[in-house]
Amino acid sequence: MNKVVANAGEAIKGIRDNMTLMVGGFGLCGIPENCIAALVKSGVKGITCISNNAGVDDFGLGLLLQTRQIRKMISSYVGENAEFERQMLSGELEVELIPQGTLATRCLASGYGMPAIFTPAGVGTEIANGKEVRNFNGKDYLMEYAFEADFAMVKAWKGDPAGNLIYRDTARNFNPLMAMAGKITVAEVEELVKPGELDPNQVHTPGIFVHRIFRGEKYEKRIEQRTVRKHS
Amino acid sequence: MLDKNGIAKRIAKEVKDGMYVNLGIGIPTLVANFIPKGFNVELQSENGILGMGPFPYEGEEDPDLINAGKQTVTLLPGASIFDSAMSFGMIRAQKVDLTILGAMEVSEKGDIANWKIPGRMVKGMGGAMDLVAAAKHIIVAMQHVNKAGESKLLPECTLPLTGVRCVRKIVTELAVLDITPHGFKLLERAPGVTVEEIKKATAGKLVIEGEIPEMVID
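Order-wise, the sequence lines are chains A and B. According to my numbering, the first sequence is numbered sequentially starting from 1. According to my numbering, the second sequence is numbered sequentially starting from 1001.
Simulated from the structure, these hints should not be mistaken for laboratory data. Please read all numbers here as calculations on a predicted model, not as lab measurements. Beta carbons are placed, not taken as given, at the ideal position from N, Cα and C, and that holds for glycine. Keep in mind that a hint or two might mislead.
Sample of chain A residues facing chain B (criterion: CB under 8 Å; computed from the structure) [to be verified]: (1) 29; (2) 71; (3) 169; (4) 172.
So here's chain B without its partners, still in its complex pose:
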């Protein structure tokens, strides 16, 4: 089973040299730590940064320089700053190659829900609806089951949707799966996790073809 850093590490393997990547809040933010050195990857933050760098050193925080999670960040050499409309322009026009975000639920058709639990939690969608409606490639980083042990990979989402038929790949603490016309296709198992355990944790249709390899992360 993977911890949060493990999930981030595995997702980092999907990042290719030369990509522009938008990372959501939570586990997706950790992916930045595992992008191979030497890769030329620019991180986009939808509040108006391309070329976002790591957190500042203590004492060097700048209130005018934050990421979309409102955390203090830095700029890398060659970075650029722009307004929010231009930021979503580059997202909508598919200049951003890869979006990585979290989810509360994903359906076997690739629907995603991550912004609202009616009557209980309403924080808002932020930029997520724009991102999932337009992104070329969306990877979801999430826990396979909720705290009550119920699957979050479902036949249909039960929560209000963020986007429809948009997710392409999911990485959880148990597995890597692709969304296909036939449902969740199991690609890899997390270290020490059996196919049987993944079956049990997946409520939506699960496609298993042949031997499922254990994922390789260093």
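Pulled out of the complex, with its shape left as it was, chain A reads as follows:
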């Protein structure tokens, strides 16, 4: 199997206006920087974006908000982004906030071929409005549907031409879940290694889930909150 494409521009081919995209990452950690840059360049509009966060004003998904290419965000936490807050409060941007575990598990359900999940998160709150509630063993659960996404864009540390992926530290986050859930999954990696170089025991995402893979041209890997301690 060889799923290698030349660059991010090739990798996002076929993404059209009004599609639903999953974008991996937690904050700015483990985001597909090169795919996002290619999306900005492509000018594709009306995107529904499933991603835990919305980047910051001038990096990550914030870049696609600035250009008004995103119509709707489905996220769990969107603080730290003034432009996002402005577009949301003015009604220019549609936003669906959902619990982080629900977001993750709706990705997982999709990747595992299951139509829905039951979760206690949000029972008795406004996010339960209109949702089916089922009681199991005396406790209420909300039924939440698996996501459907036209494309998933994920970032991994290492990958091979077959699409096998290994993530590094907390840059893993939503990436393996979204990789399994896209109708077409695009993976960008820091290191694209030869077939056979990844230890099969260490592979996090088997290549079967990945349709296109490329080595990202450059990684800025911006840190959102640089916190340190002093040598004592």
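Place chain B on chain A using the hints.
Quick look at chain B alone, frame taken from chain A:
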């Protein structure tokens, strides 16, 4: 009256040897600094860490290694990394023993609101709704009153809820309280704070039984 570190110190006394603990953003993060040395406690961060360590030394920050507050952190020996679904799996399945988080309001029934002020502030719930819906034991670290001097311990929450009947214990700058079927039960007073002051700062039903001891923190 306690400062933020004082609240964190008092909450740290609730952490027991052998626990897996999830700490929220803000005061809860400070609790890590006061867990007794020699205790075997593993901190869970819902973006995918068990065995989270302190902030890195200057120059050793790694953009691939952050906590749920997006701060750079380190891993302790024996740590593990996992994806977000597994992370909330261990939360939902109650493998995590204790959750400590902040709140804007708590009701006398144990309802909590901490994710949205309609029309003004909408940052999102992050993992808080999952945590409060499933956690075995939830301690809330919060200020007793808001900047306008109004109580945040209420008969009913006025803000959109994060979870229903889930909070068990609250530690504020004034007091330690348990949520009971009869309301907020006052357990301890902060140093120098009188029962009368706590009464005044609590809008919800306050249960006071016998002499209320002053809390002991070192």
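So, residue 169(A) near chain B? Judge it on the closest CB pair being under 8 Å.
Nearest chain B Cβ about 4 Å off; hint holds.
Verify the interface restraint on residue 29(A): the C-beta must sit less than 8 Å from at least one C-beta of chain B.
Holds. Min distance 5 Å.
Satisfaction of the residue 172(A) interface hint, Cβ to chain B closer than 8 Å
5 Å, holds
Chain B contact restraint for residue 71(A) - C-beta distance below 8 Å
With a minimum Cβ separation of about 18 Å from chain B (threshold 8 Å), the hint on residue 71(A) is violated.
Hint compliance for this structure: hint 2 is the single one not met.
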